[in-house]
Amino acid sequence: MPVGLLGIEGLERSEIEAILNRAKYFQPPPHQSFGRHEFLKGRMIVNLFFEASTRTRTSFEIAAKRLGADAISITASGSSVSKGESLVDTLNTLVAMRPDAIVMRHAASGAPHFLARYLPLTPIINAGDGTHEHPTQALLDARTILDHRASLEGLRVAIIGDIAHSRVARSNIHLLAKFGASIVLCGPASLLPAELASIAPGVSLTYDIREAIRDADVVMMLRVQLERQHEAAFAASEYFQFYGLRLEHMDLIKPDAIVMHPGPINRGREISSEVADSQRSAILNQVENGVAVRMAVLERILVSHAETAH
Amino acid sequence: MPKLLIKNGRVLDPASGRDEAADVLIKGGLIVRIGPDLHATGAITFDAQGLVVAPGFIDMHVHLREPGFEHAETIETGAKAAAAGGFTSICAMPNTHPVNDDAAVTRYIVERGRRFAIVNVFPIGAITKDIAGEQLAAIGSMKAAGVVAISDDGQPVMNSRVMRRAMESAHSFGLPVIDHCEDLNLSAGGDMHEGLQSVRLGLRGIPASSEDVMVARDVILAETTGARFHVAHISSRRSVEIVARAKANKLPVTCEVTPHHLALSDCEMPPYDSNYKMKPPLRSAADTEALIEGVAAGVVDAIATDHAPHPGSEKMQEFEKCPFGIIGLETALAVTLEKLVHSGRVSLMRWVELFTTGPARALSLNRGRLEPGLPGDVTVFDPELAWTYDVNRSFSKSRNSPFHGRSFRGAQVATVVGGRVVWQRER
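One line per chain: the protein sequences are V and L, in this order. Just so you know, the first sequence maps onto residues 1 to 310 in my numbering. Just so you know, the second sequence maps onto residues 1 to 427 in my numbering.
The set of hints was computed from the structure by calculation and includes no laboratory data. Misleading hints may appear alongside valid ones.
[To be verified] Sample of chain V residues facing chain L (criterion: CB under 10 angstroms; computed from the structure):
id, residue
1, E12
2, E15
3, S86
4, V88
5, S109
6, H113
7, G130
8, E133
9, A164
10, R167
11, R170
12, A194
13, I199
[As the list claims (entries may be wrong)] Pair ranges (Cβ atoms, derived):
id, chain 1, residue 1, chain 2, residue 2, range
14, L, D390, V, E15, 34 to 40 angstroms
15, L, D390, V, A18, 40 to 46 angstroms
16, V, R13, L, S313, 38 to 44 angstroms
17, V, E12, L, K250, 57 to 63 angstroms
18, V, L121, L, E241, 45 to 51 angstroms
We treat Cβ as the ideally placed atom computed from N, Cα and C, and that holds for glycine.
Build the full structure now, drawing on both the sequences and the hints.
Okay, structure coming up:
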């Protein structure tokens with residue numbers, strides 16, 4: 001694995017498989033907490049969050065601690081960033097304290113890639129960069145799908161919502177495409193640029209949610225990100241009517257299909273409460289797998305990095 | 001009076017069509033004679049054996065940052081970089097602080113240019129006060145003080161009525177209007193060309209249409225006002241088509257293209273490298289091809305660098321926070337020689353035209369020709385010389401170039417301004 005984890009697009013399929021298999025090992029038995037391990041004993045991981053996050057930050061923290069590492073979380077509002085320090089200087093300062101890895105979320109697309117160029121020796125794990133990628137989300141989504149299906153190959157996966165601004169969608173598209181899934185993207189026209197059809201093999205676009213989810217094995221709903229809307233790209237009042245997932249849609253998807261959502265969900269905006277809480281919903285499995293997958297990622301990066309560093 | 005005799009070169013002069021071995025004699029700052037086997041007692045001799053001797057190259061679009069942003073560039077350092085790039089004349093865009101929107105600022109730039117610049121500096125005045133797009137600048141008095149064109153480069157005039165009035169005024173004073181054509185509503189928030197790459201990288205796009213609609217608007221206004229209209233840094237296929245149509249209709253419309261828009265497309269940007277971030281953005285490979293075709297077909301009049309220095313503190317940030325623009329004076333010749341001439345797309349003569357008679361005509365400058373009586377500005381280059389660009393040795397104060405570390409075939413060798421060799425490549 002290259003130093004750090006910046007995105008899914010550049011990952012080999014075998015690398016992804018290795019992480020997903022290892023994540024399965026870390027999954028706890030039903031109704032039990034995650035096992036304690038010592039694989040990363042004595043290591044220090046800094047979680048640097050420039051953007052608000054509950055589940056990603058918490059699950060990275062838990063993952064680090066369950067592997068025996070020390071984890072420190074820093075949020076932008078409580079750091080020197082609020083005093084006008086540049087991103088490079090903030091990172092340089094942190095790197096001087098010798099963490100073994102930095103987990104970073106940032107509102108700017110490419111922020112971790114930019115830092116990786118200037119700080120090549122400290123692995124950077126992208127916990128979401130702007131509207132670009134969110135690699136560990138796609139890994140945990142794949143783990144969740146594989147808990148319900150034997151393989152990703154040939155699956156029909158519908159991703160519905162604001163694709164243009166979704167890092168979750170991008171990472172999932174790249175991952176699913178590498179495994180030969182067919183991916184149908186659906187959303188309002190201005191949030192579904194035509195170029196998406198060429199972003200990876202097996203991708204098609206539609207504006208009709210019924211067409212998108214027909215015979216789907218997996219339906220991934222995306223949050224409507226009003227904070228990333230710089231303009232009125234669609235009429236918010238009719239979003240739920242055309243792109244919201246409701247019980248009436250459940251007859252169109254495969255009988256054993258699952259419904260996913262990266263969270264936080266907006267009930268009644270992109271998904272109805274009835275669907276979110278239904279048997280089909282795998283939303284809480286996703287959260288659970290978040291910890292297992294991040295344990296696998298941290299272990300893989302830190303162990304291989306330490307082995308090759310000298 | 002000092003005399004300079006440039007001996008044994010291959011003289012290339014698009015205006016006269018001359019392409020032959022000849023000598024050039026410059027006396028008292030002016031070209032005196034061009035011909036075989038010239039002799040002049042007491043003259044300094046420059047041996048141009050194996051080199052091409054051309055009229056002094058003109059870059060009609062640079063940002064010298066002075067007054068106001070001297071940490072990024074000054075008239076002195078920008079002029080040095082120009083000389084090292086083979087340019088004898090540069091035109092300074094008005095988006096300084098204060099903006100060059102009245103005669104006092106124009107005179108300041110002209111005066112600083114005379115005292116500190118080793119090449120000729122021609123100021124371009126603003127179209128509107130403070131380049132705010134609302135009230136017209138003092139166009140007539142700026143012309144009297146020395147501006148050669150007006151432009152609100154970087155902050156285009158969105159209000160079509162204001163643009164109309166500006167064109168009427170510029171026309172009455174005999175000045176061309178240079179527009180940075182960008183519909184700011186269509187491009188708002190964008191960081192790179194809108195296309196597959198922007199979608200892949202999750203960066204907001206600047207659609208080519210944001211340029212096209214303004215080129216079309218300005219062509220229409222030029223036709224109705226009679227003004228001379230010049231498209232700055234044209235970058236899209238459709239804009240080239242619009243200009244071609246305007247030219248076919250005999251309208252006084254001209255355009256320039258930058259070396260980077262000819263040489264690079266959006267696919268070639270290393271992920272989130274701000275040295276590839278500029279306006280207009282690097283477009284698709286199809287647009288790049290259309291620009292080269294436009295050059296070959298004569299639609300494009302000039303090559304201009306849009307030299308835009310920014311200090312490292314501003315360019316070393318998250319991509320979306322970085323300012324637009326790259327430096328380009330020292331790489332322009334090599335980049336375009338490679339892309340246009342060595343690739344066989346245009347002749348060496350046509351290429352020289354793009355740096356000489358092309359910009360001179362667009363700005364009505366009585367330069368860009370090797371002709372007795374004209375200023376002794378000469379660019380000497382070697383179309384074959386192999387060299388590697390090291391941005392850290394640049395004369396510019398800034399380092400924002402995507403061409404750092406690139407190896408080139410062909411380079412400027414000496415720059416002569418008013419009969420003085422102001423720069424010479426170390427050999």
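Right, here's what the structure says about each hint:
1. Using the Cβ-Cβ criterion of 10 angstroms, the hint placing E12/V at the interface with chain L is not satisfied: the shortest such distance is roughly 18 angstroms.
2. At a threshold of 10 angstroms, the smallest CB-CB gap from E15/V to chain L is about 19 angstroms, leaving the interface hint violated.
3. For S86/V, the interface hint holds, since its Cβ comes within 10 angstroms of a Cβ in chain L; the closest pair sits about 6 angstroms apart.
4. Proximity of V88/V to chain L holds as hinted, the smallest CB-CB distance being about 6 angstroms (cut-off 10 angstroms).
5. At about 4 angstroms, the closest approach between the beta carbon of S109/V and any beta carbon in chain L falls short of 10 angstroms, and the interface hint on this residue holds.
6. The restraint placing H113/V at the interface with chain L holds, with a minimum CB-CB distance near 5 angstroms, inside the 10 angstroms limit.
7. The interface hint given for G130/V holds, since its Cβ lies 6 angstroms from the closest Cβ of chain L, which is under the 10 angstroms cut-off.
8. Hint status for E133/V: holds, given a least beta-carbon distance of 7 angstroms to chain L, under 10 angstroms.
9. Because the closest C-beta pair between A164/V and chain L is about 7 angstroms apart, less than 10 angstroms, the hint holds.
10. Nearest Cβ of chain L to the Cβ of R167/V: about 6 angstroms, under the 10 angstroms cut. The hint holds.
11. With a cut of 10 angstroms, the hint placing R170/V at the interface with chain L holds, because the nearest CB-to-CB distance is about 6 angstroms.
12. For A194/V, the interface hint holds, since its Cβ comes within 10 angstroms of a Cβ in chain L; the closest pair sits about 9 angstroms apart.
13. The interface hint given for I199/V holds, since its Cβ lies 6 angstroms from the closest Cβ of chain L, which is under the 10 angstroms cut-off.
14. Between D390/L and E15/V, the C-beta spacing of about 37 angstroms keeps the proposed range 34 to 40 angstroms intact.
15. About 42 angstroms separates the C-beta atoms of D390/L and A18/V, a value consistent with the hinted range of 40 to 46 angstroms.
16. At about 41 angstroms, the CB distance of R13/V to S313/L agrees with the hint of 38 to 44 angstroms.
17. Checked against the hint of 57 to 63 angstroms, the pair E12/V and K250/L passes, with Cβ atoms roughly 59 angstroms apart.
18. Judged by the Cβ atoms, the range 45 to 51 angstroms given for L121/V and E241/L holds: they are separated by roughly 50 angstroms.
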